[in-house]
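Listed below are the residues making up each chain.
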Amino acid sequence: MSLNELEERISEISGVNVDACYQCGKCSAGCLFTAHMDLLPHQVLMYIQRGDESVLDNETPWICASCFTCSVRCPRGVDVAAVMESLRELRIRERGYETIDLRKIENLKDLPQIALTAAAQKLTW
Amino acid sequence: MVIVIRVIYYPGCSLRNSYPEFEKSALEVCKKLDIELEEIPEWNCCGVNFSLSDNIMRHLGAVRTLIDAQEELSSTAGNEITTLCSMCYNVLKRTNIALKTEQDTRENVNDYIDDAPNYKGNLEVSHFLQLLRDKIGFDTIFDKITNPLSDLKIAPYYGCALLRPEDVAVDKRESPTIIEEFIRAIGATSVDYPYKMECCGNYHAAFRKEIVEIRSKAIVESAVSAGADLIISPCPLCTYNLGLGVENLGKDVPVLFFTQVLAMALEVDSYLSPEREELVLKNLQGS
Ligand code: SF4
Ligand code: SF4
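Protein chains in written order, with the numbering used here: chain A, 1 to 125; chain B, 1001 to 1287.
Don't read these hints as lab results, they were simulated from the structure.
Heads up, a few of these hints could be off.
With a Cα cut of at most 20 Å, we get these calculated EDC-like pairs of lysine to aspartate or glutamate [unchecked claim]:
(1) Lys-1032(B) - Asp-1269(B)
(2) Lys-1209(B) - Asp-110(A)
(3) Lys-1217(B) - Asp-110(A)
(4) Lys-104(A) - Glu-1213(B)
(5) Lys-1135(B) - Asp-1171(B)
(6) Lys-1024(B) - Glu-1039(B)
(7) Lys-1120(B) - Glu-1107(B)
(8) Lys-1135(B) - Asp-1034(B)
(9) Lys-26(A) - Glu-1174(B)
(10) Lys-26(A) - Glu-1166(B)
(11) Lys-1120(B) - Glu-1071(B)
(12) Lys-1209(B) - Glu-59(A)
(13) Lys-109(A) - Glu-1247(B)
(14) Lys-1209(B) - Asp-38(A)
(15) Lys-1024(B) - Asp-1034(B)
(16) Lys-1120(B) - Glu-1072(B)
(17) Lys-1209(B) - Asp-101(A)
(18) Lys-1209(B) - Glu-1198(B)
Small disclaimer: the values here were computed from a predicted structure and weren't measured.
Please take these sequences and the hints and turn them into a complete structure.
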């Protein structure tokens, strides 16, 4: 079966074949951040399999904390964390960078540098 | 004859700017354990999160650091670069793996960085805990401690970066024991609790603090209900995030770096803040 266009682009960016996912839901079962997501990780994969680009407007990829729990547990070897990153990347490539506003960080004074650097990387690149 | 283990060392930004007690206590510990950490003469921020996309350019900081380490090591036989921060470990290790295994990536990066020697891909990246386990040995550490922390119940916190993804895991990724073994080596008791490998919320500390608060509170609560007097961590960001959890839970649970409790057991300066020190001593005296 050939990949749809969205799957192709994700595969180019992350090297992940989203078609390998058989929708078992294990990624979503182990994800600690689902309470804050508007789509569960396995649903994100399903949207991509259907070629539904509306997934680019979902919050989930921006909530994903890159903890790799899903990636190491997927029985089909799908690196779900990398898929989340490629969705962030796609949106940034299509719609440009978002700037981050340091004034919005209430705990800026004691926040370790590592948090700021990581947030800048993940959220603006 | 004392054999000194000399290893090249990458400090990383957060140890210098946010949590100097992590590095300072580690350096004290090294003197006692005959380890010589030799800082790379020039280094960059590691980038903090390994990019999962096709864009290796995001890792130029890490690549340059590896090149600097390679040049520094070329005069000696060693090939190991070690870090204290588990985030730095994760990024340097993954970058190193990419450069070692993907010839294209290595060539592109070497061509791009034309003001420095080529990276040959001969280095091994380790975390300081691995160095303690594999080069010094936890048994040796147990023999060397003079102040076993026998009354302390310590919760090991692993977080993500030491265990995931699989190819960077310092131990079995779903059932690690390295921090528990470390805790036994300093004479303390390790506390088992289910959330020791769960994510603290990572960079959400910056813009979605509430997410971190919820996650970290659950982790700290789980450690405390298992009986922990304190939590030890291998990462500055985890330490900060767990601190938010402690605040939210409204309990006085110190979150320390593993090197600080090792320093206490070896009776060298552990660089505890006065408030932390008071708390730890209180717990040690079992009040
Ligand atoms: S764990 Fe893997 S196979 Fe199962 S739903 Fe998630 S991505 Fe698909
Ligand atoms: S990497 Fe992202 S999607 Fe996967 S378990 Fe962690 S937070 Fe959830």
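Structure-inconsistent hints, enumerated in ascending order: Of the numbered hints given earlier, the structure breaks none, since each of them holds.
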